[in-house]
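Asks: Listed here are the chains, written in short residue letters.
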Amino acid sequence: AQTVTQSQPEMSVQEAETVTLSCTYDTSENNYYLFWYKQPPSRQMILVIRQEAYKQQNATENRFSVNFQKAAKSFSLKISDSQLGDTAMYFCAFMNGETSGSRLTFGEGTQLTVNP
Amino acid sequence: NAGVTQTPKFRILKIGQSMTLQCTQDMNHNYMYWYRQDPGMGLKLIYYSVGAGITDKGEVPNGYNVSRSTTEDFPLRLELAAPSQTSVYFCASSYETGEGLNQPQHFGDGTRLSIL
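Chains as they are written, first to last, in the numbering used here: chain E, 1 to 116; chain H, 117 to 232.
Hint data in this document are derived by calculation from the structure and do not stem from the laboratory. Beta carbons: idealized from backbone N, C-alpha and C, even for Gly. Treat each hint with caution, since some may be false.
Mimicking SDA-like on lysine to any residue, the simulated pairs with C-alpha atoms at most 25 Å apart in a straight line are [to be verified]: (1) Lys160/H to Thr187/H; (2) Lys78/E to Met157/H; (3) Lys70/E to Gln83/E; (4) Lys78/E to Pro220/H.
Some residues of chain H that are not near chain E, with every Cβ distance over 12 Å (derived) [as the list claims (entries may be wrong)]: (5) Asn178; (6) Gly179; (7) Glu212; (8) Ser230.
Bound conformation, chain H alone:
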C-alpha cells in the first residue's frame, strides 16, 4: 500500500519556468490537499479538493493552479516560478464521510523545490 506518492522529490527551476508537482493516492480518499512549508515554519494550505472536479483555494494560493480530474490524482502547477516559491511542498489526503467525524490526513514525503 503506497499511500500518498509525490514526484519529483527534488527539483531546481529557473525563474519564469513552469512545472507540475504530481500527487497520487491509492487509499480512495475523497479529500486531497497541497501545503507548502517554508524553512523553520509550519505548513500552509495552498489548495484543496473535496472530490473529483472540485477544488478550492487555501491560505496561500497565488502563483499556483490545481486540477482534480480523478479521485487518485491532484497535481499542483506553477506557471511562472518565482524565488518566493522556493519551499517544500506536501500533498495530503483524507477520507471524509460528511458526518462530522473528520479523519486525520495522510501526508506524502514532500517535494523540495528551489527556484534560482
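Excised from the complex, chain E in its bound form:
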C-alpha cells in the first residue's frame, strides 16, 4: 500500500515571500501521479498542481511549482509571492497509475497561513 507523509502540520509565511511545503511518499510502483490540493476554509478541494512520475521536468503553474525527486520519493510544493488567498490546508496526494479506479491516497495536510 502507498503512504503519503506531510511532516509539517502548520506553516506560516509573510505576504509576498516564498514558502515550501514538504511531502514524501512510499511506493513500489513505477507509474504514478502526484498532486497538491488546496482546501480553503470554504472546504472545497482545489487542484493546485500535478506531476507525472515519468516526467523528469518539474511541474509549474503560475506561482506554484514542485520539486519532484523520484529517487528520494519527495514531492515538495513551492509557493512564490505568497498571497493572503493562499491561506488554506494543503494536501499532497498519490495516485497509482497501474490500477483502475484512479484512487487518491492523501497525506494529513499542512495548514498554511499567509500573514499580511
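Following the hints, position chain H against chain E.
Replies: Positioned in the frame of chain E, the structure of chain H alone reads:
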C-alpha cells in the same frame, strides 16, 4: 456547468438512524468516489465506482454502502449511524480513458455529518 453536487450540506443524525448522502455529476465522468475527512486529517477513500453497475471498496468501507445505477449518480448510504462516522464526506469524479492517462478528480463541496 454544476460539476459535482452533493446534498445535503449539513446533517445531524442520532445513533442508529440511517441516511443517504447524494452525489451527482454532470460531466459524464465514468469514475466516481466517496471520501471521508476526519478533523485535522487527510481524506480517506470509502468506496469508488469505475462505471454504472460497478462498485468497489476503498480503505474504510465498513458501515457504508453504495450503488451506481446511472453514470451521473453515486449515493452513499449509512445504515446504522455511529459516532465514529461523524466526519465530512466528499464525493469526487473523474474521466478515465483506460489508456493510462489518469485525469485529476473533481470534488464536490462536501457534506458535514454529525452523529450524536
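Asks: State for each hint whether it applies.
Replies: So, going through the hints one by one against the coordinates:
1. Lys160/H to Thr187/H: holds (23 Å)
2. Lys78/E to Met157/H: Holds, because 22 Å separates the two Cα atoms, which is no more than 25 Å.
3. Lys70/E to Gln83/E: Violated - the C-alpha atoms of glutamine 83/E and lysine 70/E are around 29 Å apart, more than 25 Å.
4. Lys78/E to Pro220/H: holds (20 Å)
5. Asn178: Non-interface label on asparagine 178/H holds, nearest chain E Cβ at 17 Å vs cutoff 12 Å.
6. Gly179: Nearest chain E Cβ is 19 Å from glycine 179/H, so the label holds.
7. Glu212: violated (6 Å)
8. Ser230: holds (15 Å)
Checked against the numbered hints listed earlier, the structure breaks hints 3, 7; every other hint is satisfied.
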